[in-house]
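In the order they appear, the protein sequences are chains P and G. Going by our numbering, the letters in the first sequence line up with residues 64 to 423, in that order. Going by our numbering, the letters in the second sequence line up with residues 64 to 423, in that order.
Careful: at least some of the hints might be erroneous.
Just so you know, same-sequence chains aren't split out, so a pair can sit in one copy or run between any two.
Cross-link-like lysine-lysine pairs, in silico, BS3-like; alpha carbons within 30 Å at most [unchecked claim]: (1) Lys256 / Lys147; (2) Lys256 / Lys197; (3) Lys147 / Lys197; (4) Lys185 / Lys148; (5) Lys286 / Lys262; (6) Lys322 / Lys116; (7) Lys256 / Lys322; (8) Lys286 / Lys311; (9) Lys318 / Lys197; (10) Lys322 / Lys262; (11) Lys116 / Lys256; (12) Lys197 / Lys311; (13) Lys147 / Lys185; (14) Lys286 / Lys139; (15) Lys318 / Lys147; (16) Lys185 / Lys116; (17) Lys318 / Lys256; (18) Lys256 / Lys139; (19) Lys256 / Lys148; (20) Lys197 / Lys185; (21) Lys197 / Lys262; (22) Lys318 / Lys262; (23) Lys286 / Lys148; (24) Lys147 / Lys262; (25) Lys318 / Lys116.
Think of the hints as simulated: they come from the structure by calculation, not from any bench.
Protein chains: 2
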Amino acid sequence: MAMIRIAIDCMGGDFGLPVTIPAALAFSDRHPGAELLLVGLADQIEARLAQAKASPAQRERLRIVPATEVVTMDDKVEVALRRKKDSSMRIAAELVRDGQADACVSAGNTGAWMAISRYVLKTLDGIDRPAIAKAIPNQSGGMTVILDLGANVDCTAEHLLQFAIMGSALVSSVGHRERPSVGLLNIGEEAIKGNDVVKQAAELLRRSALNFHGNVEGNDIFKGTVDVVVCDGFVGNIVLKSSEGLAKMLGVFIKEEFKRNLFTLLMGAIATPVLNRFRQRVDPRRYNGAALLGLRGVVIKSHGSADTYAFEWALQDAYDAVESGLLGRTAQTIAQITSVPAGGTEHEAGLEPSSHGDIA
Amino acid sequence: MAMIRIAIDCMGGDFGLPVTIPAALAFSDRHPGAELLLVGLADQIEARLAQAKASPAQRERLRIVPATEVVTMDDKVEVALRRKKDSSMRIAAELVRDGQADACVSAGNTGAWMAISRYVLKTLDGIDRPAIAKAIPNQSGGMTVILDLGANVDCTAEHLLQFAIMGSALVSSVGHRERPSVGLLNIGEEAIKGNDVVKQAAELLRRSALNFHGNVEGNDIFKGTVDVVVCDGFVGNIVLKSSEGLAKMLGVFIKEEFKRNLFTLLMGAIATPVLNRFRQRVDPRRYNGAALLGLRGVVIKSHGSADTYAFEWALQDAYDAVESGLLGRTAQTIAQITSVPAGGTEHEAGLEPSSHGDIA
């Protein structure tokens with residue numbers, strides 16, 4: 064297989080270079096088939112590489128691509144997009160557009176990364192809006208992909224159908240699962256539940272060639288009822304963040320119980336190996352890396368607060384997406400859905416933005 | 064203080080009498096100031112009381128109120144409301160309406176309980192739609208009240224304001240907290256984030272006499288950033304159910320880690336007292352009982368799958384709401400908000416349904 068080339072916005076995130084460079088070096092060591100394009104302020108990257116004592120062998124698969132500007136975590140989208148045309152974020156996306164990289168990764172400002180990657184790379188045919196997707200662990204030992212996680216606040220039924228297509232493509236390529244099942248996030252399993260957009264999306268999904276399971280409820284995300292859970296970005300973002308908050312709270316509660324007195328501290332010390340295994344298993348850093356789907360290129364967003372270990376997982380996501388042929392699979396899934404389904408017309412397949420103009 | 068009289072729909076929930084009667088007896092024993100009205104099929108209730116060997120002393124504060132029909136968990140709302148006019152659910156609500164009970168509790172079908180209690184009791188002046196609220200534990204050791212949890216799928220900004228009023232009244236009465244802080248659930252703290260309804264609700268809340276904190280994100284629910292989190296019923300229901308699912312999954316994961324081998328089993332046995340304390344602390348049964356707010360009476364919904372212990376907590380919720388004067392406090396809070404705020408008019412205070420007719 065050819066080298067997999069990943070462009071990294073080395074300046075992005077809460078920490079920037081102190082996280083991205085060590086993560087890049089560690090990732091590179093573990094992946095001889097990867098070439099990393101380190102995008103950012105060249106002298107600072109050089110200094111970090113020197114500080115990290117990168118060996119000549121390591122350097123062989125690293126390339127510095129200079130960028131003179133940096134998008135900050137507080138930059139407004141307009142500023143990032145219109146006024147910082149030589150930002151590390153922008154250059155990273157342009158490397159993918161120009162075929163010099165297969166994927167790009169940033170831990171920077173989500174809104175800016177979304178806008179820039181969309182502006183530079185454009186959406187795939189048949190996709191109106193990109194969506195943010197993430198795989199989270201479920202109770203059945205697998206992973207559930209959920210999208211959209213915040214790129215689109217107001218969605219039409221067609222958008223939700225498109226998210227289902229993109230999520231299915233992600234699971235069938237990266238997750239190596241044929242015909243992934245898709246659930247529509249709702250407040251009840253019955254078809255009559257939910258708002259108008261969700262009801263119409265269910266109808267589109269039912270008529271599509273996707274493996275539509277039907278409505279799912281909040282608890283199904285973690286039960287592993289389906290491979291892909293589809294919702295609008297408002298709901299998805301709130302579900303994701305509330306889950307992060309709950310997991311954190313439960314972690315604090317466990318710690319507090321073991322810290323209650325000398326006796327419980329002792330029990331905690333004894334149980335440490337097991338508790339550590341549990342912590343590792345649910346460590347959110349392991350699930351770092353969300354995919355910006357629907358673009359003409361693999362784009363990964365790392366959590367802004369990612370440390371080196373977490374950022375490596377975001378690089379891994381980029382690598383896996385390229386290796387498993389995510390883009391090709393997405394285009395293929397779109398083609399399947401837009402082709403005439405049993406008893407339907409192309410119009411009915413729901414990829415025509417005008418087909419349901421009555422949806423707000 | 065006068066007796067607190069609670070009407071119990073003894074037939075509701077996944078289990079009905081085998082749960083509600085023992086719970087009622089246990090609750091009654093712990094609360095000499097409570098009188099319980101046991102509503103349902105009289106002979107069956109009698110049989111259960113005999114089976115539970117209810118003493119004459121216990122019987123003194125229990126009264127059977129016969130109802131000849133039962134709303135099932137699968138009954139459609141229309142059937143429950145229009146065709147079962149002598150259901151235990153309906154009679155329980157009517158006892159409150161007629162002043163024979165101070166509160167009513169059911170573990171039955173949520174949609175039916177909502178519709179029946181609303182039909183029988185009507186909404187308070189200034190409240191268009193009742194909402195479902197629940198207090199859940201947060202990281203700062205307190206409780207966060209979140210509403211709506213599913214009564215209202217599509218909400219206007221005015222509805223969200225009304226939820227904020229009801230939630231504030233709940234916290235200030237039951238939670239004994241003056242001027243509870245209110246957060247509006249959104250996908251970012253910045254005022255520009257979110258959909259139109261949320262943005263307009265923020266504006267209404269900012270101008271109201273409530274203690275509005277501003278936008279909050281999903282993780283703030285469990286952080287305890289504010290006392291009351293307001294959202295529409297679609298989002299609230301999904302957040303609640305996904306949190307239940309996540310908590311369950313983490314419980315399964317911990318168990319799995321301790322069951323890995325003999326060594327970890329031993330560690331688990333040693334740590335049992337601490338793990339049990341943790342489990343008790345996060346036991347969802349302790350947080351059973353959601354309040355149907357905005358009605359002219361205290362109405363509590365227990366989880367359908369509640370066991371005896373959980374159902375007792377729902378009865379406790381009813382008792383606390385009456386004892387703390389929830390209804391009076393709600394009316395008082397509504398009056399405060401509808402009175403002209405600084406620089407505003409009654410119209411601007413946002414309780415006129417027509418004031419923002421442009422919201423879908």
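Against the structure, the hints:
1. In this homomeric assembly, lysine 256 and lysine 147 come within 30 Å of each other (Cα to Cα) only across copies, at 23 Å, whereas the closest approach inside a single copy is 46 Å.
2. For the identical chains of this complex, lysine 256 and lysine 197 are neighbours both inside a copy (26 Å) and across copies (21 Å), given an alpha-carbon limit of 30 Å.
3. Taking the shortest Cα distances, lysine 147 and lysine 197 sit within 30 Å of each other inside one copy (28 Å), while across copies they are farther apart (46 Å).
4. Only within a single protomer do lysine 185 and lysine 148 lie at most 30 Å apart by alpha-carbon distance; the minimum there is 17 Å, versus 59 Å between protomers.
5. Taking the closest pair of Cα atoms, lysine 286 and lysine 262 come within 30 Å of each other only inside a single copy of the chain (23 Å); across copies the shortest separation is 33 Å, beyond that limit.
6. For the homomeric pair lysine 322 and lysine 116, neither the shortest alpha-carbon distance inside one copy (41 Å) nor that between copies (44 Å) is at most 30 Å.
7. Taking CA atoms no more than 30 Å apart as the test, lysine 256 paired with lysine 322 passes in neither setting, with 45 Å inside one copy and 40 Å between copies.
8. For a Cα distance limit of 30 Å, the shortest separation of lysine 286 from lysine 311 qualifies both inside one copy, at 19 Å, and across copies, at 9 Å.
9. In this assembly of identical chains, the alpha carbons of lysine 318 and lysine 197 lie at most 30 Å apart whether taken from the same copy (28 Å) or from different copies (26 Å).
10. For a Cα distance limit of 30 Å, the shortest separation of lysine 322 from lysine 262 qualifies neither inside one copy, at 49 Å, nor across copies, at 43 Å.
11. For the identical chains of this complex, lysine 116 and lysine 256 are neighbours neither inside a copy (59 Å) nor across copies (43 Å), given an alpha-carbon limit of 30 Å.
12. With identical chains, the CA atoms of lysine 197 and lysine 311 are at most 30 Å apart both within one copy (19 Å) and between copies (20 Å).
13. In this assembly of identical chains, the alpha carbons of lysine 147 and lysine 185 lie at most 30 Å apart only when taken from the same copy (19 Å versus 58 Å across copies).
14. Proximity of lysine 286 and lysine 139 under a CA criterion of 30 Å is satisfied inter-copy only: 27 Å between copies versus 38 Å inside one chain copy.
15. In the homo-oligomer, the alpha carbons of lysine 318 and lysine 147 never lie at most 30 Å apart, since the shortest distance is 45 Å inside one protomer and 51 Å across protomers.
16. Taking the shortest Cα distances, lysine 185 and lysine 116 never come within 30 Å of each other, neither inside one copy (38 Å) nor across copies (73 Å).
17. For a Cα distance limit of 30 Å, the shortest separation of lysine 318 from lysine 256 qualifies neither inside one copy, at 40 Å, nor across copies, at 35 Å.
18. With identical chains, the CA atoms of lysine 256 and lysine 139 are at most 30 Å apart between copies only, with a shortest distance of 12 Å across copies and 38 Å within one.
19. In this assembly of identical chains, the alpha carbons of lysine 256 and lysine 148 lie at most 30 Å apart only when taken from different copies (25 Å versus 46 Å within one copy).
20. In this assembly of identical chains, the alpha carbons of lysine 197 and lysine 185 lie at most 30 Å apart only when taken from the same copy (21 Å versus 44 Å across copies).
21. For the homomeric pair lysine 197 and lysine 262, the shortest alpha-carbon distances inside one copy (24 Å) and between copies (27 Å) are both at most 30 Å.
22. Proximity of lysine 318 and lysine 262 under a CA criterion of 30 Å is satisfied in neither setting, with 43 Å inside one chain copy and 38 Å between copies.
23. Proximity of lysine 286 and lysine 148 under a CA criterion of 30 Å is satisfied in neither setting, with 44 Å inside one chain copy and 38 Å between copies.
24. In this homomeric assembly, lysine 147 and lysine 262 come within 30 Å of each other (Cα to Cα) only across copies, at 29 Å, whereas the closest approach inside a single copy is 42 Å.
25. Taking identical chains as interchangeable, the C-alpha atoms of lysine 318 and lysine 116 are never at most 30 Å apart, the minima being 38 Å within one chain and 43 Å between chains.
Of the numbered hints listed earlier, those contradicted by the structure are 6, 7, 10, 11, 15, 16, 17, 22, 23, 25.
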